[in-house]
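Peer 1: The chain contents come next:
Protein chains: 2
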Amino acid sequence: MFQQLGLIGCGLIGGSFALALRQAGLVRRVVGYSKSPSTTERARQLGVIDAEAPSALQAVAGADLVLLAVPVAATESTLRAIRLGLGEDALVMDVGSTKADVVAAGHRALQQQAANFVPAHPIAGKEVAGVEHADGALFVDRHVILTPTERSRAAHVQRAIEVWSRIGARVQTMTAPAHDAALAAVSHLPHLLAFAFMQALNGQDEGARFLELAGPGFRDFSRIAAGDPTIWRDILLANREQVLHQSQAFREALQRFEAQIADGDAAGLADAIGAASRARAALKPALSG
Amino acid sequence: MFQQLGLIGCGLIGGSFALALRQAGLVRRVVGYSKSPSTTERARQLGVIDAEAPSALQAVAGADLVLLAVPVAATESTLRAIRLGLGEDALVMDVGSTKADVVAAGHRALQQQAANFVPAHPIAGKEVAGVEHADGALFVDRHVILTPTERSRAAHVQRAIEVWSRIGARVQTMTAPAHDAALAAVSHLPHLLAFAFMQALNGQDEGARFLELAGPGFRDFSRIAAGDPTIWRDILLANREQVLHQSQAFREALQRFEAQIADGDAAGLADAIGAASRARAALKPALSG
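Chains as they are written, first to last, in UniProt numbering: chain A, 1 to 289; chain B, 1 to 289.
Be aware that one or more of the hints could be misleading.
One copy or any two copies: either way a pair holds, since identical chains are not told apart in the list.
[To be verified] With a straight-line cut-off of 20 Å between C-alpha atoms, the simulated SDA-like cross-links for lysine to any residue are:
| id | residue 1 | residue 2 |
| --- | --- | --- |
| 1 | Lys284 | Arg223 |
| 2 | Lys126 | Leu213 |
| 3 | Lys35 | Arg80 |
| 4 | Lys126 | Ala279 |
| 5 | Lys284 | Asp220 |
| 6 | Lys35 | Ala129 |
| 7 | Lys126 | Arg278 |
| 8 | Lys35 | Gly47 |
| 9 | Lys126 | Arg223 |
| 10 | Lys126 | Asp220 |
| 11 | Lys284 | His133 |
| 12 | Lys284 | Ala226 |
| 13 | Lys126 | Arg219 |
| 14 | Lys284 | Pro216 |
| 15 | Lys284 | Arg219 |
| 16 | Lys126 | Gly274 |
| 17 | Lys284 | Phe210 |
| 18 | Lys35 | Ile231 |
| 19 | Lys126 | Ala281 |
| 20 | Lys35 | Asp228 |
| 21 | Lys126 | Leu287 |
If you are wondering where the hints come from, they were derived from the structure by calculation, not from laboratory data.
Please take these sequences and the hints and turn them into a complete structure.
Peer 2: Set out below in structure tokens:
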């Protein structure tokens with residue numbers, strides 16, 4: 001399907017994409033570049049890429065598929081760096097967790113080559129980072145959201161849908177604002193709440209003693225609080241409007257619960273917990289995939 | 001170690017305790033009672049109990065160990081129901097998730113027999129309820145908190161420590177208020193936040209569409225929102241003071257994050273996320289047990 005993948009960012013996500021394409025027989029050759037030369041070398045040693053490029057620009061030379069798997073904050077400068085090396089028919093995608101900012105960065109950085117760009121967000125990951133953990137099955141049964149812009153060429157959008165589908169992902173297309181609103185609700189807000197929860201504990205003299213009694217419920221609820229600070233700082237700032245909107249809706253719901261608890265409103269409290277519990281229980285089959 | 005266990009409430013927790021005692025050779029005979037006769041019958045058919053009692057009072061006749069595994073709200077009435085049947089040397093424990101209310105209920109209901117009562121909270125469970133899921137290994141490596149009162153006889157406290165230790169639990173003793181403060185922070189608050197999170201989503205027109213994009217982070221964070229509404233209503237009300245205290249501390253932490261996001265304070269935000277992330281990551285070894 002593709003002759004050459006230019007992979008910029010040979011970490012967990014980029015490496016997993018390269019492995020998935022290889023395993024599905026969708027690419028002949030992978031040329032990789034990472035900011036850290038030792039990462040690129042390691043990716044080659046592990047067979048994730050075939051050749052190391054000394055720059056992002058050189059990684060895209062001759063590529064008919066380019067994947068940017070870099071921190072969102074580096075998207076615009078990376079697109080600028082590769083623009084003049086892009087082949088006319090190369091499909092370019094990113095993997096960032098926010099999309100309105102990426103669309104804007106693409107327009108600014110790529111100019112007429114913005115037609116080649118199909119912003120993408122694979123909702124997949126692991127608790128561990130690094131190319132050592134790259135996994136060709138990482139995207140199987142995971143959602144991948146594409147947010148083509150009005151400049152994205154239709155043929156590129158179609159090829160983007162095909163490549164993610166063929167490595168097992170469930171592909172959807174939507175606008176960048178729709179993506180950012182949804183992700184704020186189901187991903188960015190839970191992370192923010194988990195961070196605030198840990199900080200509220202950290203701020204208490206007895207916090208460490210309390211934590212000794214943490215059980216399995218705590219473990220699962222707070223797991224995402226261990227996320228990477230740089231990545232999450234960038235996501236929360238890039239999607240700040242939607243994140244703050246969701247956080248406010250959450251605080252209002254929390255304060256309704258607090259009022260019921262303070263008033264001893266047993267019936268109202270049971271109703272509200274019941275509604276929350278049913279909504280969560282209804283998701284179980286969909287979430288086990 | 002014990003001749004006869006009187007088990008009141010033959011569900012997941014009570015049934016698991018009976019099985020664990022049997023498997024460790026710590027009890028000769030188990031007599032069980034549940035509010036629903038079909039539950040008691042099922043427990044006998046599954047070999048969790050040896051005999052069915054027609055009432056709580058009859059379940060404790062001849063027992064040198066009594067476990068109440070009933071909803072917290074039923075603790076006081078159950079203790080009243082069994083008081084006159086308790087043997088002089090019988091050790092009585094409950095398994096409730098809140099302890100100050102249980103201590104008070106014990107004093108009111110048991111009167112002079114309060115010396116026999118050692119309130120207990122095994123921090124263990126499953127996502128599924130019912131005696132069918134009872135598991136003799138449920139308490140292995142789990143925390144069990146004992147909150148003896150000033151009336152609890154020292155010999156009973158010692159036997160309580162021994163029996164939970166011998167079925168694999170990590171036993172600690174503390175005061176009921178210390179227990180309730182800690183559990184509010186590491187268990188009751190996370191549940192409240194998960195309930196409020198699901199309700200905030202439920203309240204949005206686009207909530208169902210957003211939920212289609214939920215990934216593994218969402219799944220783990222919100223898992224505890226599927227908790228039983230009656231049990232959690234009772235816990236949140238029984239421990240309302242500590243729960244509201246923790247919820248307020250949480251809201252303050254959340255609002256500090258919101259201010260950093262709104263102000264675009266990248267450095268402050270990265271610091272706060274970093275502190276939360278390090279605190280959570282430091283718990284990983286302790287929580288995997």
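Peer 1: My question is about Lys126 and Leu287: at a cut-off of 20 Å on alpha-carbon distance, are they close within one copy, between copies, both, or neither?
Peer 2: Close inside one copy (16 Å) and across copies (18 Å); limit 20 Å.
Peer 1: Go through the copies and call it for Lys126 and Asp220: within, between, both or neither, with a Cα cutoff of 20 Å.
Peer 2: both (14 Å within a copy, 13 Å between copies)
Peer 1: When no copy is specified for Lys126 and Leu213, does a C-alpha distance of 20 Å or less occur within a copy, between copies, both, or neither?
Peer 2: So Lys126 and Leu213 pass the 20 Å test across copies only (17 Å; inside, 26 Å).
Peer 1: With 20 Å as the alpha-carbon cut-off, assign the pair Lys284 and His133 to within, between, both or neither.
Peer 2: between (27 Å within a copy, 19 Å between copies)
Peer 1: Have a look at Lys126 and Arg278 and pick one of within, between, both or neither, based on CA distance no larger than 20 Å.
Peer 2: Intra 28 Å, inter 17 Å, cutoff 20 Å: inter-copy only.
Peer 1: Between the shortest in-copy and the shortest cross-copy C-alpha distance, which are at most 20 Å for Lys35 and Asp228: within, between, both, or neither?
Peer 2: For Lys35 and Asp228, the Cα distance is within 20 Å only inside one copy (18 Å; across copies 49 Å).
Peer 1: Since the copies are identical, ignore which copy is meant and state whether Lys126 and Arg219 lie within 20 Å (CA to CA) inside a copy, between copies, both or neither.
Peer 2: both (16 Å within a copy, 14 Å between copies)
Peer 1: Is it within a copy, between copies, both, or neither that the alpha carbon of Lys126 lies no farther than 20 Å from that of Ala279?
Peer 2: Close across copies (19 Å), not inside one copy (26 Å); limit 20 Å.
Peer 1: Could you figure out if Lys126 and Ala281 sit no more than 20 Å apart (CA to CA) within one copy, between two copies, both or neither?
Peer 2: between (24 Å within a copy, 14 Å between copies)
Peer 1: Is it within, between, both, or neither for Lys284 and Ala226, if the alpha carbons may be no more than 20 Å apart?
Peer 2: between (24 Å within a copy, 9 Å between copies)
Peer 1: Pop the pair Lys35 and Ala129 into one bin, within, between, both or neither, using alpha-carbon distances up to 20 Å.
Peer 2: within (15 Å within a copy, 51 Å between copies)
Peer 1: Between copies, within a copy, both or neither: which fits Lys284 and Arg223 at Cα up to 20 Å?
Peer 2: Close inside one copy (18 Å) and across copies (9 Å); limit 20 Å.
Checked against the numbered hints given earlier, this structure breaks none of them.
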